[in-house]
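All chains, please: the whole structure from these sequences, using the hints.
Count along the sequence shown from 1, then add 2; that gives the number in our numbering.
Honestly, the hints are just simulated from the structure, not real lab data. Cβ coordinates follow ideal geometry from the N, Cα and C atoms, glycine included. Hints may contain errors.
As the list claims (entries may be wrong) - Cβ pair distances, simulated, as ranges:
no., residue 1, residue 2, range
1, H54, W6, 33 to 41 Å
2, W63, D37, 18 to 26 Å
3, D37, T12, 22 to 30 Å
4, E48, Y69, 31 to 39 Å
5, Y69, W6, 34 to 42 Å
6, Y41, L66, 17 to 25 Å
7, A10, F34, 17 to 25 Å
8, R59, I36, 13 to 21 Å
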Amino acid sequence: MTLWTNFAKTGNPNTPASAANFMPSQEDWSQFDIDSQQYMYMSNQEFSMRSHFLARRMALWYQLVSYRRRSSYVCDQCTGNQGLPVPPLYSVLFG
3 MTLWTNFAKT
13 GNPNTPASAA
23 NFMPSQEDWS
33 QFDIDSQQYM
43 YMSNQEFSMR
53 SHFLARRMAL
63 WYQLVSYRRR
73 SSYVCDQCTG
83 NQGLPVPPLY
93 SVLFG
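Written out as structure tokens, the structure is:
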């Protein structure tokens, strides 16, 4: 609870009082950065910093978005798209 109230008051979950003062096993909540992709894992038993939240699930979306960006497929039979590229997945599902 300390982390949430600190964040509401100051925008930083670790100040003015670190949760480690109340729970010795508690880690400070590190600021997110794109390289480590750390996040605070919270459960009834532990609070700890972990990295790459749901990495396998996120990898699927990363691959789909990357594939879509590389695609140059244009649907000639679709109406209303004015010749804009159509996602291949859309074409497979509805095509």
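Verification of the supplied hints:
no.	hint	result
1	H54 / W6: 33 to 41 Å	violated (24 Å)
2	W63 / D37: 18 to 26 Å	holds (19 Å)
3	D37 / T12: 22 to 30 Å	holds (25 Å)
4	E48 / Y69: 31 to 39 Å	holds (37 Å)
5	Y69 / W6: 34 to 42 Å	holds (39 Å)
6	Y41 / L66: 17 to 25 Å	holds (22 Å)
7	A10 / F34: 17 to 25 Å	holds (18 Å)
8	R59 / I36: 13 to 21 Å	holds (18 Å)
Against the hints set out earlier in the document, a violation occurs for number 1 only.
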